[in-house]
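Let the hints inform the model, and build the full structure from the sequences given.
Chains as they are written, first to last, in the numbering used here: chain A, 1 to 450; chain B, 1 to 286.
Among the hints, a few may not be true.
[What the hints assert, rightly or not] Facing chain B, a subset of chain A residues (Cβ under 10 Å, in silico):
hint, residue
1, Gly202
2, Leu333
3, Leu338
4, Ala342
Calculated directly from the structure, the hints in this document are not laboratory data.
Yeah, the Cβ is synthetic: ideal placement off N, Cα and C, and Gly gets one too.
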Amino acid sequence: MTDTTLSAAERRKLVRDGLARRHLNERLFRTFGIVAICLALGFVALLFTDVLRKGIPAFTQSNLHLEVTFDPELLKIDAAPVRAAGQSDADFRSARLGWERQVAMLNWNTIIEAGLRDAAPAGFEIESRQLLTISESDARHRIRQLFVNDPDLLGQTISVDLLASANTDNWIKGNINRDLGDAQQQLSAPARALIDIFEQDGTITQGFAWSLFTNVDSRSAPASAGLLGALMGTFWMMLIVIVLAVPIGVGSAIYLEEFAPKSRLTDLIEVNINNLAAVPSIVFGLLGAAVFINWFRLPLSAPLAGGLVLTLMTLPTIIIATRAALKGVSPALRQAALGMGASRTQMVFHHVLPVTFPSILTATIIGVAQAMGETAPLLLIGMNAFVASVPGTPIEQATALPVQIYLWQGNENRNFFEARTSAAILVLLGFMITLNAIAIFLRSRLEKRA
Amino acid sequence: MDMLAGKVKMTAQTVDAAMNAAINPAANLAQLVDRPIRLTARDVTVHYGAKQALHGISIDIPDRAVTAFIGPSGCGKSTFLRCINRMNDTIEGARVGGTILLDGENIYDPDLDVVELRARVGMVFQKPNPFPKSIYDNVAYGARIHGLARNKTDLDEIVVSSLRKAGLFEEVKDRLNEPGTGLSGGQQQRLCIARAIAVGPEVILMDEPCSALDPIATAIIEELIDELRENYTIVIVTHSMQQAARVSQRTAFFHLGNLIEQGVTEDIFTNPVNKQTQDYIMGRIG
Chain A
1 MTDTTLSAAE RRKLVRDGLA RRHLNERLFR TFGIVAICLA LGFVALLFTD VLRKGIPAFT
61 QSNLHLEVTF DPELLKIDAA PVRAAGQSDA DFRSARLGWE RQVAMLNWNT IIEAGLRDAA
121 PAGFEIESRQ LLTISESDAR HRIRQLFVND PDLLGQTISV DLLASANTDN WIKGNINRDL
181 GDAQQQLSAP ARALIDIFEQ DGTITQGFAW SLFTNVDSRS APASAGLLGA LMGTFWMMLI
241 VIVLAVPIGV GSAIYLEEFA PKSRLTDLIE VNINNLAAVP SIVFGLLGAA VFINWFRLPL
301 SAPLAGGLVL TLMTLPTIII ATRAALKGVS PALRQAALGM GASRTQMVFH HVLPVTFPSI
361 LTATIIGVAQ AMGETAPLLL IGMNAFVASV PGTPIEQATA LPVQIYLWQG NENRNFFEAR
421 TSAAILVLLG FMITLNAIAI FLRSRLEKRA
Chain B
1 MDMLAGKVKM TAQTVDAAMN AAINPAANLA QLVDRPIRLT ARDVTVHYGA KQALHGISID
61 IPDRAVTAFI GPSGCGKSTF LRCINRMNDT IEGARVGGTI LLDGENIYDP DLDVVELRAR
121 VGMVFQKPNP FPKSIYDNVA YGARIHGLAR NKTDLDEIVV SSLRKAGLFE EVKDRLNEPG
181 TGLSGGQQQR LCIARAIAVG PEVILMDEPC SALDPIATAI IEELIDELRE NYTIVIVTHS
241 MQQAARVSQR TAFFHLGNLI EQGVTEDIFT NPVNKQTQDY IMGRIG
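See the structure below:
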């Protein structure tokens, strides 16, 4: 009605008057977007700097270089029995057994202590107990292992690299306030003084913390605690997830999208799958405990049970992403294939799947990465147990990387494990970023080729 | 006033086209008389859910001639075309009634394998839809799935001869391994025709094959259709009456799901019996 009565000039003026408001709205929205992105990036940066700052020091560790003499006097052991001429088999065997029993009972700390005392400046006064707090408590097992492997070491002096104790590491790295009084220090005053001397003269040096990757978790010897067990546990679980979730997920998505008749039943299934994707992961843990542990009697804490639970959790993600990818294929391609006389299966496998492959692959990798970082359901099937061994099969007890982080986070030796926890987080993040990078790389590559 | 002027102009154009078509018809007419009937449709109905899209279509389609379906949008011409190779089967909720005989065989017989039918009745779609594969693989696909080539040499031969028949070979012979989607629109459509030919169909259905193409590409395709008529039964759906007049020997006019009139193309354009056909050709409806 108005446009017939308005002149051209009036109409232009109306439009121009509105322009200022329209531009303002646009600027406002753009600013809002930029602020939102800056906030998000800021939090990510904060997270990463915090984890890096705490975690990077844990990748180096204090090592103790000692000259250890396998002194028969100190160890109170004779040389391994040698078979004398004319000695009977039984006699020799019993002599040998007696000697082995002796070896098993020896107090190896005596020669470690002697080694430490030798390394200390002459006349340095320190009690034995205090001296031994400098080295990690697993040192005696390492020394014994050396001797068991080579009994000829008796009477010899060799140089060995041992781990310094977690408390020593804390003291050197300054994780503990040096000004605190004796009562609040974990190491005695002489021990602290000796550590400083050792650090000066190179008896203690910082080296890459290989134990983080080559050792399993440890409570008695925290400095030697590592991620190997958790890494293997995660490996087995991811293997199970990939082997089960990918074919089942992609297969059901293809069936539901391409073959299933549209009916009330398939609608119901679709709604349920969408709901499953939103179910909190801890519920999947309960389900796993009830079904896989109590019903199928799968072993507790085993990667098999964990992998099955994570498979259940990942399935909806993969199904939904695959269906979305299949839905996105243009009807023209389907018609082209059907018009050529391709059967439905041929249409799907020759034309639709190749086109959607990059999307399905990306969705799968991201789903697997998600499963890798999942902790809650694993707690409910006992994977938070303290496991100090490497699982050789998926039915042995194990823990997983995120669960290990959770366990270390709760360790009472905070000074030492705070850094270890962050280091473990960095390892997990490293895997995640690698997986996501692979997804992005494969996607761009495959899409270019298509 | 404006609207009326448009009508008048349109009418002049269509009459022109009809006149052009009428210049060379004598030979065509003679040819048509002894053409055997290839496809016979009787009382074909299509429902999409509750809505009836086709009301009892009955038509005979002759061998080795081009039959054009014309009519305004939504008149059911494409729907009927898609009945002929049972592409309507793929649409949720579509029901087809009546019979369509191909060489006397009911294609809606439950025992008939639709895959085999589509090998005999090829289809070219409105929008060129080559597979996102190489030119070679596009043409070879049908032969591969139907097992028509015993070895690589056979397959090569099928690909080359199909591309030749589609008039595309000279343009693409140096880049058979490049993706078919990289060709121009007109080339893509000829690739789709080559792909359909490669299976050795008896009938080729074309659903507005030129509607997405420029006039030059359209002219090339029309010429191609005229050549293909020597060997194939062709049914073409078109929006353009000029195109129907140029390429077809028989024309059927659809309106609101009914087949209003059918006959020799020249007759339909110059001497339509039905009032509605007349109105459409004169540009009064459409």
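Now for the hints, and whether the structure bears them out:
The interface hint given for glycine 202 of chain A is violated, since its Cβ lies 65 Å from the closest Cβ of chain B, which is over the 10 Å cut-off. At about 6 Å, the closest approach between the beta carbon of leucine 333 of chain A and any beta carbon in chain B falls short of 10 Å, and the interface hint on this residue holds. Interface restraint check: leucine 338 of chain A against chain B, minimum CB-CB distance 6 Å, threshold 10 Å, status holds. For alanine 342 of chain A, the interface hint holds, since its Cβ comes within 10 Å of a Cβ in chain B; the closest pair sits about 6 Å apart.
Of the numbered hints listed earlier, the single one contradicted by the structure is hint 1.
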